[in-house]
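This is what each chain is made of:
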Amino acid sequence: MKTVFEKSSAEIKGMEMPAPQVEKHIFAEGLLRDGLRLPELSEQEVARHYTALSKRAFGVDDGFYPLGSCTMKYNPKLHEKLAALAGFADVHPLTRADKIQGSLALIDTLNSYLCGITGMDAFTTQPCAGAHGEFLGLLLIKAYHASRGDGARTKVIIPDSAHGTNPASAVMAGFEVVHAGTDASGDIDLDALRALVGADTAALMLTNPSTLGLFEKNVLKIAEIVHDAGGLMYYDGANLNAVAGVVRPGDMGFDVVHLNLHKTFSAPHGGGGPGAGPVGCKKALVPFLPNPRIADTDEGFRFNYGKRSAGRVSAFYGNFGVLVKALAYIVTLGGEGIAQASETAVLNANYLREKMSLHYPIDTSRPCMHEFVVSMKKLKDDTGVTANDVAKALIDRGIHPPTIYFPLIVEEAMMFEPTETETKEGLDRAAEAFGEIVRLAYADPAAVKRAPVTTPIGRPDEAAAARHPVLVG
Amino acid sequence: MSDYISLTDKEREEMLSVLGVGSVRELFADIPAELGRLKVRLSQGRTQKETEELVSSFAARNKVYKSVFLGAGCYRHYIPAAVGAIVGREEFLTAYTPYQPEISQGILQAMFEYQTMMCSLTGMDVSNASHYSGATAAAEACLMCLGKTRTIGVYDNVNPDTLETVATYARARGVKVVVLPSSGGKAVPYEGEADAVYMESPNYFGLVEDVTAVADAVHIAGGKLVVGCNPVSLALFRTPAELGADIAVGDGQPLGLPMSFGGPSFGFITAKKEFTRKLPGRIVGETADAEGRRAFVLTLQAREQHIRREKASSNICSNQAHAALTASVYLSLMGSAGLRAVAETCAANAHYLADKLSEAGAPRVHKGEFFHEFVTDVKGKAAEIVCALDRQDILGGLVLSPDRILWCCTETVSKSDMDKVAETVGRVLK
Chain A
3 MKTVFEKSSA EIKGMEMPAP QVEKHIFAEG LLRDGLRLPE LSEQEVARHY
53 TALSKRAFGV DDGFYPLGSC TMKYNPKLHE KLAALAGFAD VHPLTRADKI
103 QGSLALIDTL NSYLCGITGM DAFTTQPCAG AHGEFLGLLL IKAYHASRGD
153 GARTKVIIPD SAHGTNPASA VMAGFEVVHA GTDASGDIDL DALRALVGAD
203 TAALMLTNPS TLGLFEKNVL KIAEIVHDAG GLMYYDGANL NAVAGVVRPG
253 DMGFDVVHLN LHKTFSAPHG GGGPGAGPVG CKKALVPFLP NPRIADTDEG
303 FRFNYGKRSA GRVSAFYGNF GVLVKALAYI VTLGGEGIAQ ASETAVLNAN
353 YLREKMSLHY PIDTSRPCMH EFVVSMKKLK DDTGVTANDV AKALIDRGIH
403 PPTIYFPLIV EEAMMFEPTE TETKEGLDRA AEAFGEIVRL AYADPAAVKR
453 APVTTPIGRP DEAAAARHPV LVG
Chain B
50 MSDYISLTDK EREEMLSVLG VGSVRELFAD IPAELGRLKV RLSQGRTQKE
100 TEELVSSFAA RNKVYKSVFL GAGCYRHYIP AAVGAIVGRE EFLTAYTPYQ
150 PEISQGILQA MFEYQTMMCS LTGMDVSNAS HYSGATAAAE ACLMCLGKTR
200 TIGVYDNVNP DTLETVATYA RARGVKVVVL PSSGGKAVPY EGEADAVYME
250 SPNYFGLVED VTAVADAVHI AGGKLVVGCN PVSLALFRTP AELGADIAVG
300 DGQPLGLPMS FGGPSFGFIT AKKEFTRKLP GRIVGETADA EGRRAFVLTL
350 QAREQHIRRE KASSNICSNQ AHAALTASVY LSLMGSAGLR AVAETCAANA
400 HYLADKLSEA GAPRVHKGEF FHEFVTDVKG KAAEIVCALD RQDILGGLVL
450 SPDRILWCCT ETVSKSDMDK VAETVGRVLK
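Chains as they are written, first to last, in our numbering: chain A, 3 to 475; chain B, 50 to 479.
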């Protein structure tokens, strides 16, 4: 398809914007640029271009989207309407506190709900995404140890099943990464952990349920080992959708938590963002939260500037519009609704796994949480058809593929997360499609390798894209 | 409260029986009993109507002003209705990061077009597919330049939130931050050692900087220059690339995004070609499928955290894709003439107001060319002025000190609004 630039015509002028009602300012000649190349189209052409692009994309409303670790649940329409209210959207972040009591109250209310859900004592909404939250959470931990004169804690322990953001965030926060081994079911090896911790342990980062979709049974033991060594426990909230309203990270022994409001709390992913990654912590770390903090005073909500902040990580107060959507979600569901959502997410995942296991060997001996990982190694060994091939064949059957080749500890991994909003019919159909693809792989592997054939393009040459980068058009 | 769950009770029973369990709680058997017994206490659920009423009541407690003269990093511009109608399409709004190119060509192509537009505005060779905000874009751009000196210089006349964010990112990695002085509101060329120097033009006070003079000094000392810029101003001014910057960054909110209490916005990072493999976050490239059809893909992923883990160029995963798409649609609707008109009207209004305020007894504090923001001396009456404007449904400029107000004019303010501001300032100062 032509790009918006290729559709441009020099004859067309874009939208007419109001001319100044006052005298135009003439800048010194040397300051001004020559031409500016932007698309030149009529409004209808712009609308058609982007509508055509939208038809070459796949959203949650288009079909089943079991992308593991991403929690692609339905995004309620009401939330878009609320975030767009002039009382939120048309408000400047530097307005005097007494004129923006609504925004401050909303953040404060959301923070207290998030404290209730996680068992933390305070939250900040400044981080714009999960990885951004990880970065800040680790800075809180660093500031905490530093405040105690404990400068030797330079290492963060991360299981090999963790999201790539964990080790990357630890490095950005100035820590050294130590890898913790996991057993076949993704649980941390306790003896190995005991040998790893010590006076240099700053924290352990853990996703629970793990990226294998299994609840870390020994979490209390792990917390004890890390705490006894003087380290802190960091909770990666990417998988909270399994246990929100059921158990609290704070009760599991975690000291710092980040949440992904664009996962568990239903804010849309927007084709890659914006998300929101609020960070919560236990009392001992509260003084290090970034400024400004919001305080509930006798004169209403006010901004507070603490002296011990671990530092600002972005402008203003984070992705406020996303916070509005998360709050709307929480108040609609309530405590019971949130627990029911988690339970249904877990039920849907177990059911899909069970149904898929009728077609292909999948270990169902231990209940999974909200997601599960299938290794396509046997299929690959038997037929040459890979996880990637199966993913492409699912596309032809109207299903967005699961996450593939993650976690790294499972060969030919496919990670399915159906979420609580999917229908039983959708799950049944997906299991059938999966079975049909497995059978086709044995009967005619080349046919699976040709997929997808129903899409505007076939498989692109990604190696060529990286070898000879064409990044602008 | 269960509006968003699709299962019926009967289906739930069927599914449990397929799994051979009596209740869904049996599926949570791995959770230690002592944890499961603790109750998570939250409010009762609500209907959507009740939620709408409740959340709207928060919005009603904020004041929405008829006219806004406050900028300082967030700007009220006119947003054509077509922007919201187009970007509100669920295929854009509810999709994930385009990991599967065959069903994500629309999103990938839009990102590719976005990268092209940002390079066009800044004059740079490459762009990533967005960062969280202008502040984080500045921070990560400085980190891209890290070398021997492990030092980053930041001018004291940049947006204070950005300065603080750069400092947080730098300190976290054990990198030294030197705050560089300005004189008369403008950056003084720095000849000391630094891997990166960060400046803004227009700067926090709205002044157009002599970027080339700073670039020359930085380059002689062996460093790289990162320039933060307002994207609307780039419709008028020479590009950062042309002036000698190595990396140009900024906050994209002025390009068709509402103020939204400060977010979501997005940061752009554009750079000279040599930095391509150091850029943080997603980048889209053009390629072809086996039949030679044009295709777009996420590329150069060997930089990224999901491949490189602790060796990645950055930890960023989710970015601000939808906000960047919004800016692309806005720019497509504007075209070069439309964006130039917006920029010219902003500048014309700001210069008109500056003259009027000077006549009213509040002259500009700085000399030199400015874009759409400027600082005036209000002789200790800043708070009083802002309060008097508030009573007239006008959001005044940012109070920098009792003596100083930072004003901003966009194309949304009218001549009569500006006359009213000047008249009010004159009255308070009399």
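Just so you know, the hints here were simulated from the structure itself, not pulled from any lab data. Some clues are possibly wrong.
Once the Cα atoms are required to be at most 20 angstroms apart in a straight line, the calculated DMTMM-like pairs of lysine to aspartate or glutamate come out as [claimed, not checked]: (1) A:K79 <-> B:E408; (2) B:K469 <-> A:E25; (3) A:K382 <-> A:D446; (4) A:K26 <-> B:E408.
In this text, all values refer to a predicted model and were calculated from it rather than measured experimentally.
Handout entry: Violations among the numbered hints, reported as their numbers in ascending order
Key = 1
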